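Novice: The listed protein sequences correspond, in order, to chains A and B.
Under my numbering, the first residue of the first sequence is numbered 1, with each subsequent residue one higher.
Under my numbering, the first residue of the second sequence is numbered 1001, with each subsequent residue one higher.
Bear in mind the hints are in silico, worked out from the structure with no lab data behind them.
Heads up, some of the hints might be wrong.
[Said to hold, decoys possible] Derived list of chain A stretches under chain B, where covered just means 3 residues or more per stretch with a C-beta under 8 Å from a C-beta of chain B:
id, stretch
1, 201–211
2, 215–222
[Stated by the list, open to error] Straight line, CA to CA, 25 Å or less: simulated DMTMM-like cross-link-like pairs of lysine to aspartate or glutamate:
id, chain 1, residue 1, chain 2, residue 2
3, A, 180, A, 199
4, A, 180, A, 203
5, B, 1180, B, 1203
6, A, 180, B, 1203
7, B, 1180, B, 1212
8, B, 1180, A, 192
[To be verified] So, partial list: chain A residues that the calculated Cβ filter (under 10 Å) puts toward chain B:
id, residue
9, 54
10, 55
11, 57
12, 187
13, 191
14, 197
15, 226
16, 232
Small disclaimer: the values here were computed from a predicted structure and weren't measured.
Quick reminder that beta carbons are idealized off the backbone N, C-alpha and C, glycines included.
Number of protein chains: 2
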Amino acid sequence: MDILDDVSAEGVRTRRFDLAREGSIIPGLLWTPAHATGGRPLVGIGHGASGHKAESYVSTMGRHLAQAGLAAVAIDGPVHGDRRADGGSDPYLSFLEFSAAWANDPTVTDATVADWQHCFDALQQLDDVGPGPIGYWGVSMGTILGLPLVAAEPRISVAVLGLFGSVGPTADRICSDAAKVSCPIRFLAQLDDELFAFDHVLDLFRLLGTEEKSLHLNPGRHSAVPSAEFFDSGNFLVAHLLGTTTAAGA
Amino acid sequence: MDILDDVSAEGVRTRRFDLAREGSIIPGLLWTPAHATGGRPLVGIGHGASGHKAESYVSTMGRHLAQAGLAAVAIDGPVHGDRRADGGSDPYLSFLEFSAAWANDPTVTDATVADWQHCFDALQQLDDVGPGPIGYWGVSMGTILGLPLVAAEPRISVAVLGLFGSVGPTADRICSDAAKVSCPIRFLAQLDDELFAFDHVLDLFRLLGTEEKSLHLNPGRHSAVPSAEFFDSGNFLVAHLLGTTTAAGA
Chain A
1 MDILDDVSAE
11 GVRTRRFDLA
21 REGSIIPGLL
31 WTPAHATGGR
41 PLVGIGHGAS
51 GHKAESYVST
61 MGRHLAQAGL
71 AAVAIDGPVH
81 GDRRADGGSD
91 PYLSFLEFSA
101 AWANDPTVTD
111 ATVADWQHCF
121 DALQQLDDVG
131 PGPIGYWGVS
141 MGTILGLPLV
151 AAEPRISVAV
161 LGLFGSVGPT
171 ADRICSDAAK
181 VSCPIRFLAQ
191 LDDELFAFDH
201 VLDLFRLLGT
211 EEKSLHLNPG
221 RHSAVPSAEF
231 FDSGNFLVAH
241 LLGTTTAAGA
Chain B
1001 MDILDDVSAE
1011 GVRTRRFDLA
1021 REGSIIPGLL
1031 WTPAHATGGR
1041 PLVGIGHGAS
1051 GHKAESYVST
1061 MGRHLAQAGL
1071 AAVAIDGPVH
1081 GDRRADGGSD
1091 PYLSFLEFSA
1101 AWANDPTVTD
1111 ATVADWQHCF
1121 DALQQLDDVG
1131 PGPIGYWGVS
1141 MGTILGLPLV
1151 AAEPRISVAV
1161 LGLFGSVGPT
1171 ADRICSDAAK
1181 VSCPIRFLAQ
1191 LDDELFAFDH
1201 VLDLFRLLGT
1211 EEKSLHLNPG
1221 RHSAVPSAEF
1231 FDSGNFLVAH
1241 LLGTTTAAGA
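Using the sequences and the hints given, assemble the complete structure.
Specialist: This is the structure we're talking about:
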């Protein structure tokens, strides 16, 4: 793992890294409490299509989790961010190319699962991360590629998913993997989602194999998740991973 | 208002009262912080069909809210609890008689709204309640009779509703009142609700006129709301009424 940048501000240390796997590079960002020593649970944050590891809500969540005492990592998804020659500067182009890859390249999901697992392995070698339980936060493309990760990775003990349903080129895989999910899940949904209709989102929620699952539905379009819901979803992970009973009682 | 009983335990003062309105008696319970002085927001708690003002989850919520600094009041609903000669000792009989009244007595909803408003008026005369914003918590029958209250009472600034849908003898009234609701709403729903199918529950949620609304859906039957969800719904009221930002970010 090459650390490309290492800065601390407002109580959070941010490390930018490149991690090699099978000849390709996984570009990532790691947030931890500044001056942290000793192990702590790690959360993977999967960004949405068109975005990247450093976009506003991803780094806001990473910093929020680190301020609560966790480690958090985001990596660029396939054909996104620093995996691209243009650095992901054109969100529509990233979105278009992901749509094509999703439809036509059956290896995309497994490659992303392997990237995450390789990333967790490497980061858990660090003194201020260490071995232990892992959480996952990812909606929309973060669920398309992240639900199979949650189903496959036994270290993941809690996750936030959503803004996606039982549809799309990989619907069979997603629905099959949903049944394998056994950890507590917070599932975010938007009543007026223009990309994935609520009926399909509800279908996918129903398919989740875990008994401990809760769907939070708010009015508005795909990207209009309320700020309070967003932060509460992070606090849900904190409560589970740090074993604290927050005001959310989660 | 006749105070029939007044005891304090574990930081909570509990007063049992009878309040007269138009020749009938409203039997109630008031929970406040022990040794409280000065005004504080008040929450009305509407119990479900077959229950009463003192049943376990109602008094648990009342005590939880009082421990957070609020005043909370529960009253027996129509044909329930101490409004009955048998004191509500047979839940099936209360349930049966409410079902009949709901279907055949068009005055039940308005009488309950008037009971609540009379109760709020009387309690806000107390030194340790006083004037101010009011919250409401009531699911199932607590929504059948409470949603019209939330629509009608301008002092109510936040509410928890749910476990009910766009069905039943008063469906037209409920759906019409839903559109008039303008305060923040947390709406509880159960995926496998055997009394009110989720499709109808979702319909009623859609009809709520407020933009600030969130539906929380959990697996299980009508009465299987998870404990964490139950307490979180109380904390949602606390956060709004006391203006605190809790971990729930509500």
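Novice: If a hint holds in the structure, say so; if it does not, say that too.
Specialist: Checked hints:
no.	hint	in the structure
1	201–211	holds (count 3)
2	215–222	holds (count 5)
3	180(A) to 199(A)	21 Å, holds
4	180(A) to 203(A)	15 Å, holds
5	1180(B) to 1203(B)	15 Å, holds
6	180(A) to 1203(B)	30 Å, violated
7	1180(B) to 1212(B)	13 Å, holds
8	1180(B) to 192(A)	20 Å, holds
9	54	23 Å, violated
10	55	20 Å, violated
11	57	14 Å, violated
12	187	8 Å, holds
13	191	7 Å, holds
14	197	13 Å, violated
15	226	8 Å, holds
16	232	5 Å, holds
Going down the numbered hints, you'll see the structure goes against 6, 9, 10, 11, 14, while the others check out.
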